[in-house]
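K.L.:
Residue numbers (our numbering), protein chains in the order written: chain A, 1205 to 1531; chain B, 1205 to 1531.
Keep in mind that the hints were calculated from the coordinates and are not lab data. Be aware that a few hints might be false.
Treat identical chains as interchangeable: a pair holds within one or across any two.
Claimed, not checked - Below, simulated DMTMM-like cross-link-like pairs (lysine to aspartate or glutamate); rule was C-alpha separation at most 20 Å, straight line:
1) 1387 <-> 1467
2) 1303 <-> 1232
3) 1229 <-> 1441
4) 1387 <-> 1266
5) 1229 <-> 1467
6) 1498 <-> 1267
Protein chains: 2
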Amino acid sequence: MGASIRIGIAGYGNLGRGVQAAIAKNPDMELVGVYTRRDPAALSLPGGATAFHMDELAKHTEDIDVLVLCGGSKSDLPEQGPALAAMFNTVDSFDTHAKIPEHFAAVDAPATAAGKTALISAGWDPGMFSINRVYGEALLPDGETYTFWGRGLSQGHSDAIRRVPGVAGGVQYTIPSTEAIAKVRAGERPTLSTREKHVRECFVVLEDDADAASVREAIVTMEHYFDQYDTTVNFIDAATLASEHSSMPHGGFVFRSGNTTDEHSQVIEYSLTLQSNPEFTSSVLVAYARAVHKMNQAGQIGAKTVFDVAPGLLSPKSPEQLRAELL
Amino acid sequence: MGASIRIGIAGYGNLGRGVQAAIAKNPDMELVGVYTRRDPAALSLPGGATAFHMDELAKHTEDIDVLVLCGGSKSDLPEQGPALAAMFNTVDSFDTHAKIPEHFAAVDAPATAAGKTALISAGWDPGMFSINRVYGEALLPDGETYTFWGRGLSQGHSDAIRRVPGVAGGVQYTIPSTEAIAKVRAGERPTLSTREKHVRECFVVLEDDADAASVREAIVTMEHYFDQYDTTVNFIDAATLASEHSSMPHGGFVFRSGNTTDEHSQVIEYSLTLQSNPEFTSSVLVAYARAVHKMNQAGQIGAKTVFDVAPGLLSPKSPEQLRAELL
Chain A
1205 MGASIRIGIA GYGNLGRGVQ AAIAKNPDME LVGVYTRRDP AALSLPGGAT
1255 AFHMDELAKH TEDIDVLVLC GGSKSDLPEQ GPALAAMFNT VDSFDTHAKI
1305 PEHFAAVDAP ATAAGKTALI SAGWDPGMFS INRVYGEALL PDGETYTFWG
1355 RGLSQGHSDA IRRVPGVAGG VQYTIPSTEA IAKVRAGERP TLSTREKHVR
1405 ECFVVLEDDA DAASVREAIV TMEHYFDQYD TTVNFIDAAT LASEHSSMPH
1455 GGFVFRSGNT TDEHSQVIEY SLTLQSNPEF TSSVLVAYAR AVHKMNQAGQ
1505 IGAKTVFDVA PGLLSPKSPE QLRAELL
Chain B
1205 MGASIRIGIA GYGNLGRGVQ AAIAKNPDME LVGVYTRRDP AALSLPGGAT
1255 AFHMDELAKH TEDIDVLVLC GGSKSDLPEQ GPALAAMFNT VDSFDTHAKI
1305 PEHFAAVDAP ATAAGKTALI SAGWDPGMFS INRVYGEALL PDGETYTFWG
1355 RGLSQGHSDA IRRVPGVAGG VQYTIPSTEA IAKVRAGERP TLSTREKHVR
1405 ECFVVLEDDA DAASVREAIV TMEHYFDQYD TTVNFIDAAT LASEHSSMPH
1455 GGFVFRSGNT TDEHSQVIEY SLTLQSNPEF TSSVLVAYAR AVHKMNQAGQ
1505 IGAKTVFDVA PGLLSPKSPE QLRAELL
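Next comes chain A alone, as it looks inside the complex (with noise of 0.2 Å):
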């Protein structure tokens, strides 16, 4: 094995701090700094790690060989993504579905013309499970593809349940249905509504004077977010909410089910049972990371996504070794 791959970190939140910890799991890589908007000073990086000020990249570019981009895709990632990907290789975590043919033409013109390769939307879901739903498809073309997501707690539901009057603070969580799995799993090919594949459930706290009928009847009515599904609203309190509900456990499956001729029928699976999402979000970052720097050395470059990267360059393994070992 050559040297190790530098990494860089643009942004110091849960995905940069998991992205830190990914690092320290891979021998063949090592953390080159953490960039961040903030004051550098003020951000305690564990083992011995450097912050720098996000302004100081462009100074950098000799030490860095991939660039992981740990903001939002909200703000952040559009406005990052092209820019970062005309200095170094990027790997991102663009995650707004419809706006990744976008995103995909904002960083393929500047990384192209700087010789850079810039790999958008990795992950699980886009990411491993993109790939899992592009497998099926494949190699199952008459069939369904089901996705579903969670036990898992949804960020942007939690969001919602606490912008209702009355609530203290609270978080959802997505459930997939058992049944609609049992189904879809023994190959029925069932045709499922929004609210038979998922329920949701909430644990809020409520303010002082807040009367729990009302805020029941805000959050499962809510449009969008709650109306068309089945939801459960449990009242607890602030301090069980800190100890029982802090943590961010997601995951989900993706199915394929169908037919090679009319007498049989195959059913294909891929689920994750995570513990912590940005935790798993940024190994897969950091492991496509590792491809990127060796298609950038291929003279592989422009904007990439998983679906463009064989399964071989995320591992340290050499082609050989992965051949003897693992096929």
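Following the hints, position chain B against chain A.
P.N.:
Just chain B now, with coordinates in the frame of chain A:
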């Protein structure tokens, strides 16, 4: 979409028939011919396909984009793989795990010399299971991989019981331990012995004068095949064997269980439930034939494995379509 991908089938057993069925499910492909070592006139082919003798392949190099090799791993593929990779882009399902590096080298030289692309060892194990072992290890480097097979008909073990004196017919199913799978799925990362991972179940038809107790004893103590497993032997009549045990179900599970930090563990599960093992294997071969065709057009020649193939190449959809629809 351009012209159809022209596929040839070399060998017409269960796998060859499955490839023919899979081509019919993929509108971007057409079957050019079935090549056999038997008398082509004696083959009854559905759907108006044409049979040729294997010796005629050399005359058809201009007519076939990808030749799918459907022979066995023991004697057919070691000979046919190198010989045919000198004339065609090929896909095979070579599944003798220990000899994969040797087969790769044997196919790589003639394919490279001829500018052809030869993908070896496609299917589900080796194949889709191998891909999931690589993804799992790369995403969760601090963890363990578990592969379970079944419930499925094992050809090798069925052959072994049919060789026992007193046995007129029979089949063997490999069954993964429900208890072991539950532990792995729960993230316990157990150490499992061979006996703890799978059990074996046999359905046996006795010859008229055979002694059931001796046959059972001969089976359950058979070295390598059964002695390391808990084996159940059920005696049935020939009519039941024919009516209830003539299909070829199989499947299994690949798990990766690992920690991203000391605090959080993550579990990835991939599983297949196959009503027809050969038909699913054939579907994988056909999807990889599409990828091989694209790779050869892009100048990627020589021997390849599933580890070298980006997921998007398996799909008939364009990269733009995949990003917009499936990412």
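K.L.:
Are the hints correct? Go through all of them and say.
P.N.:
Comparing the hints with the structure gives:
In the homo-oligomer, the alpha carbons of residue 1387 and residue 1467 lie at most 20 Å apart inside one protomer (19 Å), although the nearest pairing across protomers, at 34 Å, exceeds that limit. For a Cα distance limit of 20 Å, the shortest separation of residue 1303 from residue 1232 qualifies neither inside one copy, at 34 Å, nor across copies, at 29 Å. Taking CA atoms no more than 20 Å apart as the test, residue 1229 paired with residue 1441 passes in neither setting, with 37 Å inside one copy and 56 Å between copies. In the homo-oligomer, the alpha carbons of residue 1387 and residue 1266 never lie at most 20 Å apart, since the shortest distance is 54 Å inside one protomer and 47 Å across protomers.
Taking identical chains as interchangeable, the C-alpha atoms of residue 1229 and residue 1467 lie at most 20 Å apart only when they sit on different chains, with a minimum of 14 Å there against 47 Å within one chain. Taking the shortest alpha-carbon separations for residue 1498 and residue 1267, only the intra-copy value of 16 Å comes in at or below 20 Å, while the best inter-copy value is 36 Å.
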